[in-house]
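Student: Heads up: the protein sequence lines correspond to chains A and B, in order. Each residue of the first sequence is one higher than the last, beginning at 1 in the working numbering. Each residue of the second sequence is one higher than the last, beginning at 1 in the working numbering.
Possibly wrong hints are sitting among the right ones.
With the C-beta cut set under 10 Å, the calculated list includes, among others, these residues of chain A facing chain B [claimed, not checked]:
# : residue
1 : Gln51
2 : Thr53
3 : Gly54
4 : Lys88
5 : Ile90
Please keep in mind that the hints were generated in silico from the structure rather than gathered at the bench. We put the CB at the ideal spot given by N, CA and C, even for glycine.
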Amino acid sequence: MKINVKHVAKLANLPLSQEEEKKFEKQLSSILEYVEQLNSVDTKNFEITSQITGLENITREDKTSISLFQEEALSNSKSNHNGMFKIKKIL
Amino acid sequence: MKPVIGLEVHVELKTKSKMFCGCSADYFGKKPNTHTCPVCLGLPGALPVPNKTAIEWCVMLGMALDCNIPLFSKFDRKNYFYPDLAKGYQISQYDEPFCLKGSIKLGSGKTIRITRVHMEEDTGKLIHENVNGQGITLIDFNRSGVPLVEIVTEPDFDNTKDVLDYLKKLQQIARYLDISNADMEKGDMRLEPNISLRSNTTNTTNNTNQQITNKLPNYKVEVKNINSFRFVEKAIAFEIKRQTEIIEKKGIPVQETRGWDENKQKTVTQRVKEEASDYRYFPEPDIPPIRWNDKKLLMIKKQIPELPDTKKRRFQKQYNISQYDAEILTREKTLADFYETCVNDGQKANLTAKQVSNYIINKKIDIESTLPAEIIKNIKALTIYLRIDESEIKKIVERVLNENKNAVGDYRNGKVSAVQYLIGKVLMVSKEKLEVSRVKKILEEKLND
Ligand SMILES: [Zn+2]
Numbered sequence: 001m002k003i004n005v006k007h008v009a010k011l012a013n014l015p016l017s018q019e020e021e022k023k024f025e026k027q028l029s030s031i032l033e034y035v036e037q038l039n040s041v042d043t044k045n046f047e048i049t050s051q052i053t054g055l056e057n058i059t060r061e062d063k064t065s066i067s068l069f070q071e072e073a074l075s076n077s078k079s080n081h082n083g084m085f086k087i088k089k090i091l
Numbered sequence: 001m002k003p004v005i006g007l008e009v010h011v012e013l014k015t016k017s018k019m020f021c022g023c024s025a026d027y028f029g030k031k032p033n034t035h036t037c038p039v040c041l042g043l044p045g046a047l048p049v050p051n052k053t054a055i056e057w058c059v060m061l062g063m064a065l066d067c068n069i070p071l072f073s074k075f076d077r078k079n080y081f082y083p084d085l086a087k088g089y090q091i092s093q094y095d096e097p098f099c100l101k102g103s104i105k106l107g108s109g110k111t112i113r114i115t116r117v118h119m120e121e122d123t124g125k126l127i128h129e130n131v132n133g134q135g136i137t138l139i140d141f142n143r144s145g146v147p148l149v150e151i152v153t154e155p156d157f158d159n160t161k162d163v164l165d166y167l168k169k170l171q172q173i174a175r176y177l178d179i180s181n182a183d184m185e186k187g188d189m190r191l192e193p194n195i196s197l198r199s200n201t202t203n204t205t206n207n208t209n210q211q212i213t214n215k216l217p218n219y220k221v222e223v224k225n226i227n228s229f230r231f232v233e234k235a236i237a238f239e240i241k242r243q244t245e246i247i248e249k250k251g252i253p254v255q256e257t258r259g260w261d262e263n264k265q266k267t268v269t270q271r272v273k274e275e276a277s278d279y280r281y282f283p284e285p286d287i288p289p290i291r292w293n294d295k296k297l298l299m300i301k302k303q304i305p306e307l308p309d310t311k312k313r314r315f316q317k318q319y320n321i322s323q324y325d326a327e328i329l330t331r332e333k334t335l336a337d338f339y340e341t342c343v344n345d346g347q348k349a350n351l352t353a354k355q356v357s358n359y360i361i362n363k364k365i366d367i368e369s370t371l372p373a374e375i376i377k378n379i380k381a382l383t384i385y386l387r388i389d390e391s392e393i394k395k396i397v398e399r400v401l402n403e404n405k406n407a408v409g410d411y412r413n414g415k416v417s418a419v420q421y422l423i424g425k426v427l428m429v430s431k432e433k434l435e436v437s438r439v440k441k442i443l444e445e446k447l448n449d
């Protein structure tokens, strides 16, 4: 199976070199082929699921808890200004 | 050419806490980045746990919009990179939303189909600034993770009047349910119309061609993130004009996302967030699915108060008032409740519901600062005035005019204020309490004879 690595990398916001593109194209293809083996399993009698924990309806009551202090929230930022995260101008 | 318009509306819920964490959702006007935690900052390893109230409110809104509520629902990740979204994905709902297939009936009698109502989280706020000549963008994550409900319609609108009616109805329902302030100015409601034009040229009687002309246009232009009803109106009008001009020149409008620029009074192409809108949705692995049963759904349904349209019809029938009056009285739930309290109190004082509604509407009563008991007292006083026969007042007026020839002369010579003196005399002579405006009217009629 052929994979458009450039497109996938763009969507994932990953800068890839040409070498890496080639390398990952091969790797991703072989991973897909590997996973494709699942298609040979007979799943006629199984329900489709997106969760295998068996859990359902895990919610919380609408109650507030203490938030981080502003300094804590910003402590990992590369750059900040007036209590806000600062980045290069985007539109 | 006929406009084909659909709407996506985001409504921010007024829960105490955010959608997936315990940070306060009351972010408006707060110090930046003081309502955040590892979950809403998108830090690795944080575990989102959905807010039960937010989910129930979303379902409640869906029910109020006549939607089906599937017994099974789940959250999904919508992946895209933009700085207002710290995680790189937004938790939303893709193929199994909480509510499907509803409708709203408009004042015009037209029914607008609602495709879906789903739950998601709000993003952070971006502020663009210039500091020392350098353009920068600042991010405040206080809004990140605040519960949002998205209501999507089918492309059933063909004019702005219906669009506005729909938006007002939706806003009114959200307020009646008490799940959102739906305050446009605070960004509680954000509007995204999609607009295209369908040509209605039927230059052939061929059946297959006729079918084609009834199909939806093969493009649509979305106008994003409008925060005012007036701007929506202008943006739609502008798009209809812009697209008409393109099509008249035999072109096809580009499928794109645009924004409304209030300064330029036009829509402008927006740089798209992601080149391809390939969101690679997949089920949110951190949040187990939601399963309802009839009992739980019934409990939510029971919390829905009487909704505006039903209340309006009931008011007309029960209180024998006009559709117009019922409309005004039910515009806000607080006013409707106030009116009903007054009607109840009024009954004991032998006042009809119609007298009460007339008074409240004509005097534009401020219900925040007036008590129902005052209303009743005032109407009572008015009705006593009204019971006095007009001829009775006229008699007194004649007498006063005869006894005050000087003042009459003054008035007729242009001294208009003399009428005040005469009113005072009439009130003094009368044994009953008289309504000043009524006396004045009769006096002036006589004086100007
Ligand atoms: Zn948080």
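Student: If a hint holds in the structure, say so; if it does not, say that too.
Tutor: Status of the hints after comparison with the structure:
no.: 1; hint: Gln51; result: holds, 6 Å
no.: 2; hint: Thr53; result: holds, 6 Å
no.: 3; hint: Gly54; result: holds, 8 Å
no.: 4; hint: Lys88; result: holds, 7 Å
no.: 5; hint: Ile90; result: holds, 5 Å
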